[in-house]
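Participant: Chains as they are written, first to last, in the working numbering: chain A, 1 to 265; chain B, 1001 to 1250; chain C, 2001 to 2235.
By construction, these hints were calculated from the structure, which means they are not laboratory data.
Any given hint could be a false lead.
Computed list of lysine-lysine pairs in BS3-like fashion (alpha-carbon distance at most 25 angstroms, straight line) [to be verified]:
hint : chain 1 : residue 1 : chain 2 : residue 2
1    : C       : K2230     : C       : K2025
2    : C       : K2095     : C       : K2053
3    : C       : K2048     : A       : K89
4    : A       : K89       : C       : K2180
5    : C       : K2010     : C       : K2218
6    : C       : K2177     : C       : K2004
7    : A       : K19       : B       : K1243
8    : B       : K1124     : B       : K1156
9    : A       : K8        : B       : K1207
10   : C       : K2180     : A       : K171
11   : B       : K1160     : A       : K8
12   : B       : K1124     : B       : K1154
13   : B       : K1124     : B       : K1070
14   : C       : K2218     : C       : K2004
15   : A       : K164      : C       : K2010
16   : C       : K2218     : C       : K2144
17   : B       : K1227     : A       : K49
18   : C       : K2037     : A       : K161
19   : C       : K2177     : A       : K169
20   : C       : K2233     : B       : K1070
For each label pair, taking beta carbons as the anchor points, the in silico distance ranges come out as [what the hints assert, rightly or not]:
hint : chain 1 : residue 1 : chain 2 : residue 2 : range
21   : B       : N1210     : A       : K224      : 25 to 33 angstroms
22   : A       : L12       : B       : T1157     : 23 to 31 angstroms
23   : B       : D1126     : C       : K2055     : 34 to 42 angstroms
24   : B       : D1126     : C       : R2085     : 52 to 60 angstroms
25   : C       : P2006     : B       : R1223     : 47 to 55 angstroms
26   : C       : K2087     : A       : G25       : 42 to 50 angstroms
27   : C       : K2195     : B       : S1040     : 19 to 27 angstroms
28   : B       : T1157     : A       : E211      : 28 to 36 angstroms
29   : B       : T1157     : A       : E112      : 54 to 62 angstroms
30   : C       : Q2105     : B       : R1223     : 31 to 39 angstroms
As the structure is a prediction and not an experimental result, all values here were calculated from the model.
Think of the CB as a built atom: it goes at the ideal place given N, C-alpha and C, for glycine as much as any other residue.
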Amino acid sequence: MDLANITKAKILEMLNEGKRMDGRGLLDFRDLEIETEASSKAEGSSKVKLGDTEVIVGVKMDLMEPYPDSPDEGVMMVTAELSPLASDKFESGPPGINSITLARIVDRSIRESGLIDTKQLCVEKGEKVWAVMIDISPINDGGNLIDASSIAAVVALLNTKMPKLEEDKVKYGELTDKPLPLNKIPINLTAYKIGDHFIFDPISEEQEASEMKLAVSLVFEKDKAIINGALKEGDGSLTITEVVETVEKMIKQGKKLHDKISKFK
Amino acid sequence: MTKEEKKTTKKEAKTEKKTSEKKTQDKKRQIVVPGEVIASGKDFLPGDGTRREGDEIIALRHGLLERAEKLIKVIPLGGVYIPRPGNTIIGQVTDLSFNGWFIDLRAPHEGFLPVAECMGYINKKDIGDHFPIGEVLVCKVRGISARNTELTMKDKTCKKLIGGFLIKVNPTRVPRIIGRAGSMVSTIKNETGCSIIVGQNGLIWIKGPNTDAEMLARDAINRIVEKPFIDGLTDHIKEFLDKNKPKEKK
Amino acid sequence: MTLKRPDGRKFDETRKIEAKINVIKRADGSAFFSFGKSKAIAAVYGPKQVIPKHKENPQKALLRCNYDMTPFSVTERKRPGPSRRSKEISHEITKALEPALLLEQFPNTVIDVFIQIIEADASTRCAAVNAAALALAAAGIPMKELVSSVSIGKLDKDLVVDVNKDEEDFTVSKGGKEIKAATDVATAFLSRSEKVSLLHMDGDLTSEELKKALELAKKSCEKISKVQEKTLKEI
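Okay, chain A solo, but in the shape it has when bound (with noise of 0.2 angstroms):
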């Protein structure tokens, strides 16, 4: 059933208060459960809980022909199958706009950022180099699958194992000690407006009671935040206080996603 537009004008009415339903402030994140290890047929995996949503990721990995303007570095894949077990408003069939949306977003985070260091995954240059897929599998959407792949993504990099490799050949199913090559850890956020209210990690009811959603991505360097990617999605427009504001907080909830993952190395 969609969203009533009596609870839309409630949830409106309480932000302009500066509540929310569930007693969060505006920019407060669910409870958040990290598990590692989801899959043991993947080279990484994560299960992530953020509130009420769950989505699991594993990593795959394998060797392909470079692209050709990149013939010494390995290839990376995002791809989010919004399966309609995780909620009633997923169809069956090829991705749709959200499918490519969610993968997109996650996709630009990790790539933008370079956490994977792609010119250490060169086995022969022009001919092999590792593939690193990513696959994002919800199992409840609860509001928020975007921060919470993302989560599940990085975690599921930070735990990935190389393959062994046999004459230049992968020998599937056995891995090596070795980890990933990998660099800084980022964190996208995504913030929800609702109204003239910005607010991180929505439940289900909130993410339709939005129209625009502004998803960034950030690393930490040291004391400062480096913005990797920026994408505004959805109905209506922003004024450049509201864009520059929204960062800043999100620089500061960021900051403490990112100790809290890191944790996971």
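Using the hints provided, position chains B and C relative to the given structure of chain A.
Facilitator: Chains B and C in isolation, oriented as in the chain A frame:
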């Protein structure tokens, strides 16, 4: 005994203790599963959620066993709302037709409210203005057809909902939320000062003097949903409401 | 038994079973079931309206089961999306569960069951059936009985219960070559009527062996049914 067998026996003993503890806690409340034999002999009558197979009565749903003298039934623990004539429901207008409104009531079939079943006269040209798409209504179930649920608003309890908000709960919990002769929901209304309408379809409307009161009522209802089967639930909820009353009321 | 199983189990021993219900909040019913490393999650949505409408059945509810494997559930990444194999398995699972459900109580509706295999170590369709049966019961769907599923394998000459990947890929040395010597029978039994609702065999068996395999499966499914019962009662 092998190590594995020892582990399993220990676990079984632990579970047995847990189950027997639970049994003493919920003396009347035994959970049954589909296909389970819940009575034998011709003395018993199979009620809702059960059926007779020869000499035995078996459960057809996952739920709580309830025995009232000779009648045995299963109170389901889960499942979608099945409309019954006379039920009060809360639904949302999803579409208009030339003579009425289609209503989503979170049930297997759509609801339909004909113009003729509304109070007062409504010009068929004004259907969209009278109840636009997205409007939330309290209706009663008039009848069930193969394809949809027929609704009516010809009852003093029926109205369009203004203000407040909706929460969704498992429809099987509704009887507990209402309580015997409405005692539970009345307690929550009195202690919080909120108006509350409980739809049999698991949609509940709350509107109160301020958001704190509304959230308290919502929290009390969620408590009932999470722990519907404990004894003394009404006192438990009263205690909870007392403890968390907004400061001004105290 | 002449052969030792690769993981040391007895011939009639299943791998460690884990089962839980109500694992997906948004679903009308849900469950998790695993045989060792073969893990399945099932979500039930319905009974609800059928779209497209012309697929409605005025006499009963439609049951639509969808079996899908996550790309990271297997050793070599599986491309997302349905395959011929997953479509066949989806159909088998639907037919295995249908006889237990009282679908006539919900004409003109559909009950959707989505099953995801998070990790695969053979016998995934059996884990899927077990998870789906639990999810359907938890969703309050009226059922005459539960449905339990297990695979029976033949390693060279011996019948074993609950085949894992090593056993699925079992080979014997004959004349210096490794020859595939495994047979796999996936079965499902209805708990009360004790009838077979799923039968899928690959390999070679005599009719005597098939009979023995089914009897072995029935015994094992009785135990699995007890585990499913326990899971439903332990909430």
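Participant: Which of the numbered hints are not met once you compare them with the structure shown?
Facilitator: 4, 13, 15 and 21
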